[in-house]
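Starting from the known structure of chain A, fit chains B and C onto it as the hints suggest.
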Amino acid sequence: MEVDRRSLMKGVLAGGAFLALGVPSWAFADRSPQKSKQCVLLLGGTSADGLFKSGARAACADMAYEGLRTVQLKEGVLTGTDTITGLLNQSRGARWITVLDDAGAVIFLELARSVGVRMLSMGVHACSTDGPSYIRHDLTSTSQDHSVGGLLASHVLQQSEDFCITEHFLREPPAEERALTSWGAPGFSSHRSAGPDPIHVHCSGCSLPDGRRLLGLEATEGWIPIPPQVCTRESVTWRSENWVVSVGYAITASALGVDTVPESCASRAFAHQSRNGRRAQRAERFVSFVMDI
Amino acid sequence: MKIGRMEFTMLVSGLILMASHTGALGADQREVTQGGFAWQDGAEVYTKVCALCHDTKVGPILRGRDLDPLYIKLIVRNGSRAMPAFRAAEIDDQLLEKLAEYVSKTGSDK
Amino acid sequence: MASKYIALPKGVSEKSFDAAVKEFRRVLGEAHVLVKAEQLAPYTKTMMPVPDADHTASAAIMATTVEQIQKIVGICNKYKVPIWTISTGKNLGYGSAAPAERGQVVLDLHRMNRILEVDGDLCYALVEPGVTYRQLYDYFQEHKLPLWLSVPAPSAIAGPTGNTMDRGVGYTPYGEHFLNACGMEVVLANGEILRTAMGGLSKSNTWQCFKWGYGPYLDGIFTQSNYGIVTKFGFWLQPAPPVCKPFQIQYQNEADVEEIVEIMRPLRISGVIPNSGVIAHALYEAALKAKRSDYVKGPGSISDDAVRQLVSDHKMGIWNVYAALYGTKEQVDVNWKIVTDAFGKSGKAKFLTEEDVGDDPQFGYRAVLMRGGMDMREFSLYNWRGGGGSLWFAPVSQARGSETLKQMKLAKQILSRHGLDYTGEFIVGLRDMHHILDMVYDRTDPEMTKAAYQCFDELITEFSALGYGSYRTNTAFMNKVAETYGPVQRSINRRLKKALDPNGILAPGKSGIR
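Chains as they are written, first to last, in my numbering: chain A, 169 to 461; chain B, 3 to 112; chain C, 606 to 1119.
Chain A extracted, bound-state conformation (with noise of 0.2 Å):
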């Protein structure tokens, strides 16, 4: 999938409908990518460590990066805090990976804090055997810059497994950057909820009230439909049959300050449903962060 900004525009323009509304008309942000620091990856042992860190790997050969450090965990959070606050403290300026388990991450986070670190993202990710049947994605991500769940989206959409992604942004774009934008692929229709702190739910294979339920969205009035259009900077150049390695490549190419769209909302969410949704064999659970320490 490769389709180039003006591409986009076209779609954008070909919602007359919405123009016609008076609402704005979307655009991209123009944004450069970010400069990556020193990446390092820490796998705290859970059993998606290794599929992660493939994925992790690929999206460094996509972005040409090289210097993508690796530490494992002997052992674990709940009993390695000592050997956690002296990486954290021996880090300083590094952008941090981490793979952890939820027991784990809930300890983590409090160390991250006490050394005050900059939070960029966090992700629950998960897929059970005796949860729902779909892969869920929880995601807070501090600003668009640090988004995430767009190009997991677009990653995850290529495997036969349905999902959910939700994406919170603690922080809005500032005023001067609000031309509204969203992210959009092919087979996805897009609506944004009206009112504050706007929301945007991307479908795919299901309808805009069954993604809502699926996504937990409370029923609320006036949903505007986007227009369809299609993203270019979240273009899929390399594929996975599985979604932790799918989540591994998102966040990395993430972390190292890969260019995707903003979207001008406060949170997103994203449904993908298949006619021939698979439930998945293996259950699989971890928390990633991404931080600048």
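Fair warning: there could be bad hints in the mix.
To be verified - So the derived list for chain C, only partly shown, Cβ under 7 Å to chain A, looks like this: (1) 643; (2) 646; (3) 695; (4) 729; (5) 762; (6) 898; (7) 901; (8) 959; (9) 988; (10) 992; (11) 1049.
As the list claims (entries may be wrong) - Stretch-level coverage of chain A by chain C, calculated; a stretch enters the list once three of its residues show a Cβ under 8 Å from a Cβ in chain C: (12) 215-229; (13) 287-299; (14) 306-312.
Hints were generated in silico from the structure; no laboratory data involved.
A quick note: this is a predicted structure, and the numbers were derived from the prediction, not measured.
The beta carbon of each residue, even a glycine, is placed where N, CA and C say it ideally should be.
Structure of chains B and C alone, referenced to chain A:
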């Protein structure tokens, strides 16, 4: 201190037994006693209050001295030197009469 | 609305907040006033079934001195900016470090972390709020002080001030932490500094020795409240005993819990067992050894049969009783005999001591905590269901066997209505018993998150209707729990608040008080 095994077992099981039969004031405030407290007679007051000083050489011996009941009542209500005054809320007038009579008429134990 | 802040305090304009932030910076320096999303994100994450946005801080400010805090309350009064004070902010499953309400400024005292005094003869310490248990533990080791701490499960990363202010508990004989608190210094909303009890005398050396002082005992009103900011905290330490013998007793039937409590209570009240007796259900500790997905397929709560299978696979008890004996070898031997006789009588108990278990993590983490050591393996619990949802439900009952099964049955009923597991334990204090349930749920599953909210709400409603009040709760349910304690308590709390903090700048909403 050496205590035999048997005694310990008894102590523990005794505690368990006691505890399982203890009632408690829950939110519904069940009372352990029926109604408030009332002295039975002058002798009970003497034994449970006066005697603790007057039969232990803290205060002077009172019984067997044929003391004037009026005097006894006066001292009980007003106190005397280090002896505190006992108010009607503790020993009402009717009971004080009985107490004074008891102290006055009863002989010393010794 | 887009703003340069990720949230604003309720009723405070951006302009007004700008001015307050400017003044905070003047007092604390630029680096200690955090307003950027990247800096505030670690303060924002909670484990509650409500959007993190409901508890997003507008700023976090880090003070290190009492004088700074006095100035901060001055600024807050001037601009009517509410602050939510944390010491280490490790109230995991109770709201973590996030404020009660969106927009409150977190006053983070983690860096105000001097150990002011440790007295090895009188066995007490005086610390600043940011001091962690780990810091004290290391200090004792370094100075070869034979003193013990009593710590809650987040041990190393939490600290005595915050834990005691929320009336937390630990697992040594000093485990009822507020019972062992002695003297505090408090910055009041008007900037005055109060030293409680004997701390009122400028030349007194008994501030950490005698709790009551003269006149009303005030320390209690600064716990689970928002009447002041505690800046120094004194507490008692246990002299390290020559021998500590932690033990576990396994029982294999849920109904056995009645017998356990009936045996435990007299041993606790008489002092034979000096620390809190924990009676942990298998599911409370299962995540240390097993994966839930190996026993449950599909949604809903785990079945009793699956729990029995899990218990047998991993050599656990359905109930796992933990306590320890402390003292000289002779004392411990005598008391061990009493304990084994009492629990051994019915023939249902299986006794395990350190010699029996090797490096079993289930026994291991309990043993460390019962010595006041640093161990966080209890939080494996968060891997049981996964997904980062946790709410502690903590109703209090009498320490009687007859209070156990009916509570467990009710809890299981409510939990299973919502597809959640019973991950609970009973902790026998002396006359009281805490029934602790960690309601773990998957926050990535919107349905389960909604169910968790509803479930917790029902737990509070149904338990309080039967007279079981919660001793502590998370920041999303503080009002609800406060209501259960009746209108007169609510009203006096409100009147105290008005008198001590008329502008309502200190942690509005804490324990439902505003």
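Structure-based check of each hint:
no.	hint	in the structure
1	643	holds, 4 Å
2	646	holds, 4 Å
3	695	holds, 6 Å
4	729	violated, 26 Å
5	762	holds, 5 Å
6	898	holds, 4 Å
7	901	holds, 4 Å
8	959	violated, 18 Å
9	988	holds, 5 Å
10	992	holds, 6 Å
11	1049	holds, 4 Å
12	215-229	violated (count 0)
13	287-299	holds (count 10)
14	306-312	holds (count 4)
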